[in-house]
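S.K.: On the provided structure of chain A, position chains B and C as indicated by the hints.
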Amino acid sequence: MSLGQVLQLLIRDRLALAGIIIVGTFVLVAIFAPWIAPYDPDQIHRVDGRVARLLPPSSQFWLGTTNLGRDVFSQVVMGTRIALEVGLLAAFMVTFVGTNVGLIAGYFGGRIDAFLMRIVDILYGIPFTPFVILLVSLLEPSIWNVVIAVSLLTWRTVARICRAQVLSLAERPFVKAARVAGASHWRIMYRHILPNILPLALLEMSFVVAWAIIAEASVSFIGFGDPRAISWGKILHSAFIAGAVRTAPWWVAPPGVAIVLLVLGVHFITRGLESIVNPRLRGE
Amino acid sequence: MLAFMARRLLEAAISLFVLLTIVFFVFRLLPANPVDAMVDASLGPEAIARLYAEFGLDQPLWRQYVLYLKNILTKGDFGMSFFFRQPAVDILADKIINTLILAITSLVIAYALGIIWGALLAWHRGTPFETAGITAALAFKAAPEFWVGMIFVMIFAYGLGWFPHSGMREPGYEETSLFLKYFNLDFLRHLVLPATVAALGSIATPTLLMRNTMLEVMHEDFVELAKAKGLSTARIIYLHAARNALLPVVTSLATNLGRAVGGMVLVEYVFSWPGLGREIVLAATRYDYPVAQAAFLMIAAMVMLMNIVADLLYGYLDPRIVYK
Amino acid sequence: MPLLEVADLRVQYQLPGGFLRAVESVSFALEKGETMGIVGESGCGKSTLMKALLKLLPANARVTGGSIRYKGQDLVPLRDDEMRRLRWKEIAYVPQSALNALNPVYRIGDQIAEAIVVHQGKSRQEAWERAKTLFQWVGLEAKRLHAYPHQLSGGMRQRSMIAMALALEPELLVADEPTTALDVVVQDRILQRLMMLQKQLQLSLVLVTHDISVVAKVCDRALVMYAGRVAELGSTRQIFKAPFHPYTIGLLNAFPNVKTEARELISIPGYPPDLSKPVQACAFALRCPFAAEVCHQVAPAPVEVEPGHVAACHRLDQAEAFRDAGRRRRTWEQSLAARSLAPMATQSAPSARKAVGGDPGE
Numbered sequence: 005m006s007l008g009q010v011l012q013l014l015i016r017d018r019l020a021l022a023g024i025i026i027v028g029t030f031v032l033v034a035i036f037a038p039w040i041a042p043y044d045p046d047q048i049h050r051v052d053g054r055v056a057r058l059l060p061p062s063s064q065f066w067l068g069t070t071n072l073g074r075d076v077f078s079q080v081v082m083g084t085r086i087a088l089e090v091g092l093l094a095a096f097m098v099t100f101v102g103t104n105v106g107l108i109a110g111y112f113g114g115r116i117d118a119f120l121m122r123i124v125d126i127l128y129g130i131p132f133t134p135f136v137i138l139l140v141s142l143l144e145p146s147i148w149n150v151v152i153a154v155s156l157l158t159w160r161t162v163a164r165i166c167r168a169q170v171l172s173l174a175e176r177p178f179v180k181a182a183r184v185a186g187a188s189h190w191r192i193m194y195r196h197i198l199p200n201i202l203p204l205a206l207l208e209m210s211f212v213v214a215w216a217i218i219a220e221a222s223v224s225f226i227g228f229g230d231p232r233a234i235s236w237g238k239i240l241h242s243a244f245i246a247g248a249v250r251t252a253p254w255w256v257a258p259p260g261v262a263i264v265l266l267v268l269g270v271h272f273i274t275r276g277l278e279s280i281v282n283p284r285l286r287g288e
Numbered sequence: 044m045l046a047f048m049a050r051r052l053l054e055a056a057i058s059l060f061v062l063l064t065i066v067f068f069v070f071r072l073l074p075a076n077p078v079d080a081m082v083d084a085s086l087g088p089e090a091i092a093r094l095y096a097e098f099g100l101d102q103p104l105w106r107q108y109v110l111y112l113k114n115i116l117t118k119g120d121f122g123m124s125f126f127f128r129q130p131a132v133d134i135l136a137d138k139i140i141n142t143l144i145l146a147i148t149s150l151v152i153a154y155a156l157g158i159i160w161g162a163l164l165a166w167h168r169g170t171p172f173e174t175a176g177i178t179a180a181l182a183f184k185a186a187p188e189f190w191v192g193m194i195f196v197m198i199f200a201y202g203l204g205w206f207p208h209s210g211m212r213e214p215g216y217e218e219t220s221l222f223l224k225y226f227n228l229d230f231l232r233h234l235v236l237p238a239t240v241a242a243l244g245s246i247a248t249p250t251l252l253m254r255n256t257m258l259e260v261m262h263e264d265f266v267e268l269a270k271a272k273g274l275s276t277a278r279i280i281y282l283h284a285a286r287n288a289l290l291p292v293v294t295s296l297a298t299n300l301g302r303a304v305g306g307m308v309l310v311e312y313v314f315s316w317p318g319l320g321r322e323i324v325l326a327a328t329r330y331d332y333p334v335a336q337a338a339f340l341m342i343a344a345m346v347m348l349m350n351i352v353a354d355l356l357y358g359y360l361d362p363r364i365v366y367k
Numbered sequence: 106m107p108l109l110e111v112a113d114l115r116v117q118y119q120l121p122g123g124f125l126r127a128v129e130s131v132s133f134a135l136e137k138g139e140t141m142g143i144v145g146e147s148g149c150g151k152s153t154l155m156k157a158l159l160k161l162l163p164a165n166a167r168v169t170g171g172s173i174r175y176k177g178q179d180l181v182p183l184r185d186d187e188m189r190r191l192r193w194k195e196i197a198y199v200p201q202s203a204l205n206a207l208n209p210v211y212r213i214g215d216q217i218a219e220a221i222v223v224h225q226g227k228s229r230q231e232a233w234e235r236a237k238t239l240f241q242w243v244g245l246e247a248k249r250l251h252a253y254p255h256q257l258s259g260g261m262r263q264r265s266m267i268a269m270a271l272a273l274e275p276e277l278l279v280a281d282e283p284t285t286a287l288d289v290v291v292q293d294r295i296l297q298r299l300m301m302l303q304k305q306l307q308l309s310l311v312l313v314t315h316d317i318s319v320v321a322k323v324c325d326r327a328l329v330m331y332a333g334r335v336a337e338l339g340s341t342r343q344i345f346k347a348p349f350h351p352y353t354i355g356l357l358n359a360f361p362n363v364k365t366e367a368r369e370l371i372s373i374p375g376y377p378p379d380l381s382k383p384v385q386a387c388a389f390a391l392r393c394p395f396a397a398e399v400c401h402q403v404a405p406a407p408v409e410v411e412p413g414h415v416a417a418c419h420r421l422d423q424a425e426a427f428r429d430a431g432r433r434r435r436t437w438e439q440s441l442a443a444r445s446l447a448p449m450a451t452q453s454a455p456s457a458r459k460a461v462g463g464d465p466g467e
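Protein chains in written order, with this note's numbering: chain A, 5 to 288; chain B, 44 to 367; chain C, 106 to 467.
Calculated from the structure, these hints are not laboratory results.
Among the hints, erroneous ones may be present.
[What the hints assert, rightly or not] Derived lysine-lysine pairs resembling BS3-like cross-links, with alpha carbons at most 25 Å apart: (1) 138/B <-> 224/B; (2) 113/B <-> 138/B; (3) 237/C <-> 304/C; (4) 270/B <-> 176/C; (5) 227/C <-> 270/B; (6) 176/C <-> 194/C; (7) 137/C <-> 322/C; (8) 194/C <-> 270/B; (9) 237/C <-> 248/C; (10) 237/C <-> 270/B.
[Stated by the list, open to error] Stretch by stretch, here's where chain C covers chain B in the computed footprint (C-beta under 8 Å, at least three residues): (11) 264-278; (12) 281-295.
Backbone N, C-alpha and C define an ideal beta-carbon position, used for all residues, glycine too.
Only chain A is shown next, with the shape it has when bound in the complex (with noise of 0.2 Å):
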């Protein structure tokens, strides 16, 4: 199925369509947000020559400010580049090496497979946040870090489904045709079945950006985030510690509220593609 036949479905189905407006108006933020922030997220802005600190939203700070006197609504936007910088980053990483190992084990089949789904198997036994939390305190804190992090384990399920996926293909009659016009294992893997795993591979993804996107905010609310950017886990961080669950509802509501909206956008998507992956779905 092409591209263009998938987006076509997917703005036919209600829910999908919000959810492509939604994300994408979060991808607009995140390119113009430099613009649209009225200030520099770590401004300290000053009131009556004293620092603004935990003032309630106004027209000259939208959404209020943190207890150092940052504008909480310039925070907010910034944050937009990091959750979707993390979420699309890790998304790929995690679909490339998934579907990769699945296709691999799923079309070789016997010790190659064993072996590969024996690694799985272990994965799986790993509980994701606690192992997540260890690897952020072992490595310096960055960008890269939170996503290798994030992606290490969840590559487990992407080659778990395409690998049944693949399995069930590969006894289709125009792979066995493939084998007997004697191509390659690479070019049948690569170039006929891999086609047809891809809306499967593209569902999975949209599951991991919703994943990654959360992953992140989660470590950088328990402190292990990148210093240098803003990300919105980062402001519930700063705004937990600083007790503004007691004192500034303004500062602890937005970012929560930017997470919950990009995620339900993107699990609207994710709905759509489901029901193209499964035309079972779709006949409801």
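M.R.: Just chains B and C now, with coordinates in the frame of chain A:
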């Protein structure tokens, strides 16, 4: 059944062993200075030299590995906490059950609510109510648990004052019997918010799964007959349709037990709930590696245990799986 | 006043492509204590008609015209809660496949007792007592009440369904192909039992089936449907003695009857029309060996041929000749549908054409 159990336990043992190895290498390969992960730099040169000898840090890697395995598997010795100067095990031992209670309670709530909600959504298929319901379920999935926790504390603890904002009990608690230690009003009051927040975080799966299985069941002839019999809508949805749609959802509950245990980390942290999850976060933040390592291994072991329990439950519900 | 009176009923399905007119202008009446058989091929609209009567139409179907009067009250505009007062107490239903219609996780006894408990407010004990009586009526042992559906044979399940339907002693019973899933011997026994109960309890029965011999055995009146419309309606005796609609003639020739002399069974070549593309013609014209030009242009309206007997055909005056011709297989190969399906066969039958007495629209 016995052979099945034996096989599962063997698999778990192997997995545990592999996990211990992975953790060992993670701690030695990742940090810039691996020794920092083993020895508290603030101790002073003689203490450090002594610890070097004791942990065999000057020995070749494979010797260290053997020592590590020996300590954990024979003595249950996970090392000494840098922060508390006490064995890591002592700090963590009584936290295990707290995490278990939170995990199981939240999962049960999530599935109970999810089943009812999913059945309702399936019944009102194609209506705006259904779309709103699905959106709500997905929104709960999209909301990070730690943030929902903060919002709940904001509204229900500080705002309305209905529940305490953190902890498991009021300080200064005295009660001897184990039963009464956990089955009392104070404990339950402290449990409500964290359990609810954790439940909301996992409610999407049972809701959507139940909805899907219900949709299949709803087309069955016996549902049509129930309508023809003039039974009330509630009766048809729950006693006839849902009753048949339940099995996959209940098996999903079993398989998610392990995941739930590992997933309490952030909720425990936000609510200062004294469980393993909170400990691993605190330990990581303090760079107290022995405790972080121990907490991680304990969580992983609990997850494995829960998965075995789940397999047993699953085998009981669907006997075919045992003979696979 | 008739117990059930259907007037000019129209039911449509909404499909992604357009509308499907499943039931078009159907009218009939049923008196108290009568049995009516609704007969036709799959897709003729009889199941839709039945579902409309029971108000069990799926979400994408709608009654677009006409009325269904039960004891004078029109059921069509009733809301769910209003209809619920009539369900099972007045109007009961015996579905086609008992295995699928019984809930697999509950015992039969509980499923029968449920209606009694819910509608009559009796206790579970009293309801089970009543269930035992019902089982006696249908000829099943009381101990079977404790069984789960999959533990019973097909015949037993069907009898339990009948027992369940009679639980509240309804006035009107609607049965959907009650014996299709069973072998002939069991079929006959169940039909006998049903007839006996019907007489005993003074039930009015609507039986939906594709098997015209069942109608012959059990029903006082018959409604023959084709492509959503009424082809013929009358007492069973009238219809079997002198069918007027070519489709009915064909139908009667397609089923064996031990009483009449042995002759070959003839099936009607061709397929029912696509109901999403309505045409201004007799729906049967393409398959009818007696179709004239008018038949391809105008849909015939039902006309009374004798008291209590209507048929919808333009060529009712030729009915007697058609009945004769209908007994010969060659006749049926003359329709446009038959000829388009088997072009070779038609070229070698000039004599048969003469015998028909009417040109097939040339």
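S.K.: Output the numbers, in ascending order, of every earlier hint that fails for this structure.
M.R.: none
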